[in-house]
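One letter stands for each residue in the lines below.
4 protein chains.
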Amino acid sequence: MQALENHPPTDPLQDLTMALRQFAQARDWEQFHTPKNLACALSVEAAELLEHFQWLTDAQSQALTSDKKNQVAAEAADVLLYLLQLCDRLGIDLVAAAQQKMLRNAEKYPVASARGSAKKYTEI
Amino acid sequence: MQALENHPPTDPLQDLTMALRQFAQARDWEQFHTPKNLACALSVEAAELLEHFQWLTDAQSQALTSDKKNQVAAEAADVLLYLLQLCDRLGIDLVAAAQQKMLRNAEKYPVASARGSAKKYTEI
Amino acid sequence: MQALENHPPTDPLQDLTMALRQFAQARDWEQFHTPKNLACALSVEAAELLEHFQWLTDAQSQALTSDKKNQVAAEAADVLLYLLQLCDRLGIDLVAAAQQKMLRNAEKYPVASARGSAKKYTEI
Amino acid sequence: MQALENHPPTDPLQDLTMALRQFAQARDWEQFHTPKNLACALSVEAAELLEHFQWLTDAQSQALTSDKKNQVAAEAADVLLYLLQLCDRLGIDLVAAAQQKMLRNAEKYPVASARGSAKKYTEI
Chain A
739 MQALENHPPT DPLQDLTMAL RQFAQARDWE QFHTPKNLAC ALSVEAAELL EHFQWLTDAQ
799 SQALTSDKKN QVAAEAADVL LYLLQLCDRL GIDLVAAAQQ KMLRNAEKYP VASARGSAKK
859 YTEI
Chain B
739 MQALENHPPT DPLQDLTMAL RQFAQARDWE QFHTPKNLAC ALSVEAAELL EHFQWLTDAQ
799 SQALTSDKKN QVAAEAADVL LYLLQLCDRL GIDLVAAAQQ KMLRNAEKYP VASARGSAKK
859 YTEI
Chain C
739 MQALENHPPT DPLQDLTMAL RQFAQARDWE QFHTPKNLAC ALSVEAAELL EHFQWLTDAQ
799 SQALTSDKKN QVAAEAADVL LYLLQLCDRL GIDLVAAAQQ KMLRNAEKYP VASARGSAKK
859 YTEI
Chain D
739 MQALENHPPT DPLQDLTMAL RQFAQARDWE QFHTPKNLAC ALSVEAAELL EHFQWLTDAQ
799 SQALTSDKKN QVAAEAADVL LYLLQLCDRL GIDLVAAAQQ KMLRNAEKYP VASARGSAKK
859 YTEI
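One line per chain: the protein sequences are A, B, C and D, in this order.
For my numbering, count along the first sequence from 1 and bump the result up by 738.
For my numbering, count along the second sequence from 1 and bump the result up by 738.
For my numbering, count along the third sequence from 1 and bump the result up by 738.
For my numbering, count along the fourth sequence from 1 and bump the result up by 738.
Looking at chain A on its own, in the form it has when it is part of the complex:
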């Protein structure tokens, strides 16, 4: 208890960010990690994730085998890891940005008008 009060539980994203920093530093890979390169890598990993779904029907995409789910999880991890590194390099607070975006989305798509019409989806 005492320990817990003195050492509050850490934020897992913060922990990952620190681990990624050390990982890159130890390998002298920071030179490759410009924001532009990390943005490229993020897009590439997102596409690798999409590749798993490209020929599936919606129904099939909801009934992945456990093996396939693990492969998708590994790609999702890559997306998160590059996203964290990009935000770290740019000084972006990712969680705060996501919370702010949710507030903006709530204003943009009020339940009353969004419900039913679902314009966002059919008129994009």
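The hints are simulated quantities; they were obtained by calculation from the structure and are not laboratory data.
Among the hints, a few may not be true.
[As the list claims (entries may be wrong)] Cut-off 25 Å, straight-line C-alpha distance, at most; resulting in silico cross-link-like pairs (SDA-like, lysine to any residue):
id, chain 1, residue 1, chain 2, residue 2
1, C, Lys806, D, Met840
2, A, Lys846, B, His790
3, B, Lys839, B, Asp753
4, D, Lys806, A, Gln769
5, D, Lys839, C, Lys846
6, D, Lys807, D, Thr795
7, D, Lys839, C, Ser804
8, D, Lys846, C, Phe770
9, C, Lys839, C, Leu828
10, C, Lys807, D, Arg759
11, C, Lys846, C, Val833
12, D, Lys839, D, Arg853
13, A, Lys846, B, Asp796
14, C, Lys846, D, Ser804
15, C, Lys839, D, Ala850
16, D, Lys839, C, Thr755
17, C, Lys806, D, Gly829
18, B, Lys846, A, Glu786
19, D, Lys839, D, Thr755
20, D, Lys807, D, Ala797
21, D, Lys839, D, Arg827
22, C, Lys807, C, Lys839
23, B, Lys806, B, Asp796
24, D, Lys839, D, Ala850
25, A, Lys839, A, Arg827
26, A, Lys846, A, Arg827
27, D, Lys806, C, Ala844
[As the list claims (entries may be wrong)] Simulated DEER-style distance windows between Cβ atoms:
id, chain 1, residue 1, chain 2, residue 2, range
28, B, Thr748, A, Gln800, 44 to 54 Å
29, C, Pro848, D, Asp753, 16 to 26 Å
30, B, Gln760, C, Ala844, 16 to 26 Å
31, A, Val849, D, Gln800, 24 to 34 Å
32, B, Ser804, C, Gln838, 40 to 50 Å
33, D, Ser851, A, Asp831, 32 to 42 Å
34, C, Val849, D, Lys846, 17 to 27 Å
35, C, Arg759, B, Val849, 42 to 52 Å
36, B, Arg759, D, Lys846, 23 to 33 Å
37, D, Thr803, B, Ala797, 19 to 29 Å
38, D, Leu841, C, Met840, 51 to 61 Å
39, D, Gln838, B, Lys807, 48 to 58 Å
Yeah, the Cβ is synthetic: ideal placement off N, Cα and C, and Gly gets one too.
Given chain A, put chains B, C and D in place with the hints provided.
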């Protein structure tokens, strides 16, 4: 203090995931959120983030104006929000997957051999 | 007839490539058109095309309105234009590469074994 | 000569489109080739092309080895092949769309104002 001990600090990603669920439910948007569609949306948002960097030099990408940084943060938020929704739909523990991936990367790229050669980057 | 023999019909892709070169030169935009930047732009445009389909069912994607079809055509055009510029910068003969790829695909997926099993699609 | 006059040179993109149709038909793969799936595949291939460039400097991206250039050419071919199939499925005349886009770009970015400022690139 009492309150803190009884209500441990919550995980921000867990909070966002719950908020996203309620957001979609309230608007009857779950029908659109198949894993396949969310994977498409994730790729699209990652590309929107990349768009901000596509014509910049590496140097320019490291010296974004505050306005541009806010735009990039909003795209990074979109990437995270779709990634969380995808993992929620598939029952993937994103943080656990990311931690596992970091362990695998540490094995795959030992400091001794990765340092200097940087094969990963020059021979992909 | 005489005219036709002296001025053989030109290749539309070659014509587009030449027009793109002149377009970039006239605006002094060649400095931005490194292969890396063009590869980024290509990915971004492909995602903009995908955006039109991300929330559609397969059935809806086969019954686009004429207005939506025009929007998709404009994105398809952007993809082609960046692809041509990238190949021009790298000295790649795009049509020859595509013909070669078709030959390789024919070897890789013989009709007898590919038909029915469709492994490529379900086991990627 | 006689032969040439009777059998005018065919359009290579038209030839590729016909070959792609036959290829898919022979393998009973048309069921997978919905416009939505083809748009996904196009994005995935564009990202595979980008992957070759993600860690390169601009200078390195302009000095690819012959082996790397062949790999990029194979990815460029994949992009073109999916783009042609998508346009075929949607009844889009790709070359006409590209020509139209070039006219629109010429109006959008007049030489006089585009030259020098290069706003398109620095203010996206």
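Tested hints:
Distance hint between Lys806 (chain C) and Met840 (chain D) is fulfilled; the C-alpha atoms sit about 20 Å from each other, no more than 25 Å. For the given pair, Lys846 (chain A) sits about 23 Å from His790 (chain B) by alpha-carbon distance, which is consistent with the 25 Å threshold. Taking the CA atoms of Lys839 (chain B) and Asp753 (chain B), the gap is near 23 Å; set against the 25 Å cutoff, the hint holds. A C-alpha spacing of about 22 Å is found between Lys806 (chain D) and Gln769 (chain A), which places the hinted pair at or below 25 Å, so the restraint holds.
At roughly 36 Å between alpha-carbon atoms, Lys839 (chain D) and Lys846 (chain C) are farther apart than 25 Å, so this suggested pair is violated. Distance restraint check for Lys807 (chain D) and Thr795 (chain D): the Cα-Cα separation of roughly 16 Å lies within the 25 Å cut-off, and the hinted pair is therefore satisfied. Only pairs whose Cα atoms come within 25 Å are accepted, and Lys839 (chain D) paired with Ser804 (chain C) is accepted, the gap being roughly 17 Å. The hinted pair formed by Lys846 (chain D) and Phe770 (chain C) meets the criterion: a straight-line CA distance of about 18 Å does not exceed 25 Å.
Between Lys839 (chain C) and Leu828 (chain C) the alpha-carbon distance is near 18 Å, which keeps this suggested pair within the 25 Å criterion. Proposed proximity of Lys807 (chain C) and Arg759 (chain D) is supported: the alpha carbons are some 21 Å apart, at most 25 Å. With a CA separation close to 20 Å, the supplied pair Lys846 (chain C) and Val833 (chain C) stays within the 25 Å bound. This hinted pair checks out: Lys839 (chain D) and Arg853 (chain D) have alpha carbons roughly 19 Å apart, not beyond 25 Å.
Taken as a hint, the Lys846 (chain A) and Asp796 (chain B) pair is broken in the structure, with Cα atoms around 34 Å apart against an allowance of 25 Å. Only pairs whose Cα atoms come within 25 Å are accepted, and Lys846 (chain C) paired with Ser804 (chain D) is accepted, the gap being roughly 24 Å. Between Lys839 (chain C) and Ala850 (chain D) the CA atoms are separated by roughly 42 Å; this puts the pair beyond 25 Å, and the hint is violated. With a C-alpha separation of about 13 Å, the suggested pairing of Lys839 (chain D) with Thr755 (chain C) holds against the 25 Å cut-off.
A hinted pair counts as satisfied when its Cα atoms are at most 25 Å apart, and Lys806 (chain C) with Gly829 (chain D) qualifies at roughly 13 Å. As the CA atoms of Lys846 (chain B) and Glu786 (chain A) are separated by approximately 19 Å, the hinted pair is consistent with the 25 Å bound. Taking the CA atoms of Lys839 (chain D) and Thr755 (chain D), the gap is near 21 Å; set against the 25 Å cutoff, the hint holds. Straight-line distance between C-alpha atoms of Lys807 (chain D) and Ala797 (chain D) comes to about 15 Å, which keeps the hinted pair within the 25 Å bound.
Of the supplied pair hints, the one linking Lys839 (chain D) and Arg827 (chain D) holds, its CA atoms being roughly 20 Å apart against a limit of 25 Å. As the CA atoms of Lys807 (chain C) and Lys839 (chain C) are separated by approximately 28 Å, the hinted pair breaks the 25 Å bound. A distance of roughly 15 Å separates the Cα atoms of Lys806 (chain B) and Asp796 (chain B); the hinted pair therefore holds under the 25 Å criterion. For the hint linking Lys839 (chain D) to Ala850 (chain D), the alpha-carbon distance of about 19 Å falls within 25 Å, and the restraint holds.
A C-alpha spacing of about 20 Å is found between Lys839 (chain A) and Arg827 (chain A), which places the hinted pair at or below 25 Å, so the restraint holds. Proximity of Lys846 (chain A) to Arg827 (chain A) is assessed by CA-CA distance (about 30 Å); at most 25 Å being required, the pair is judged violated. Proposed proximity of Lys806 (chain D) and Ala844 (chain C) is supported: the alpha carbons are some 23 Å apart, at most 25 Å. Between Thr748 (chain B) and Gln800 (chain A), the C-beta spacing of about 28 Å breaks the proposed range 44 to 54 Å.
Our hint of 16 to 26 Å for Pro848 (chain C) and Asp753 (chain D) holds, since their Cβ atoms are close to 22 Å apart. For the hinted restraint 16 to 26 Å between Gln760 (chain B) and Ala844 (chain C), the CB-CB distance of approximately 51 Å leaves it violated. Range check, Val849 (chain A) to Gln800 (chain D): about 52 Å between beta-carbon atoms, so the 24 to 34 Å window is missed. Taking 40 to 50 Å as the suggested C-beta distance range, the pair Ser804 (chain B) and Gln838 (chain C) conforms, at roughly 49 Å.
A C-beta distance of roughly 38 Å is found between Ser851 (chain D) and Asp831 (chain A), which places it inside the suggested range of 32 to 42 Å. The beta-carbon spacing between Val849 (chain C) and Lys846 (chain D), approximately 46 Å, falls outside the hinted interval of 17 to 27 Å. For Arg759 (chain C) and Val849 (chain B), the hinted distance range of 42 to 52 Å is satisfied, since their beta carbons lie about 46 Å from each other. Judged by the Cβ atoms, the range 23 to 33 Å given for Arg759 (chain B) and Lys846 (chain D) is violated: they are separated by roughly 42 Å.
Hint check: Thr803 (chain D) to Ala797 (chain B), Cβ distance near 26 Å, so the stated range 19 to 29 Å holds. At about 31 Å, the beta-carbon gap between Leu841 (chain D) and Met840 (chain C) misses the expected band of 51 to 61 Å. Taking the beta carbon of each, Gln838 (chain D) and Lys807 (chain B) are about 36 Å apart, not inside 48 to 58 Å as hinted.
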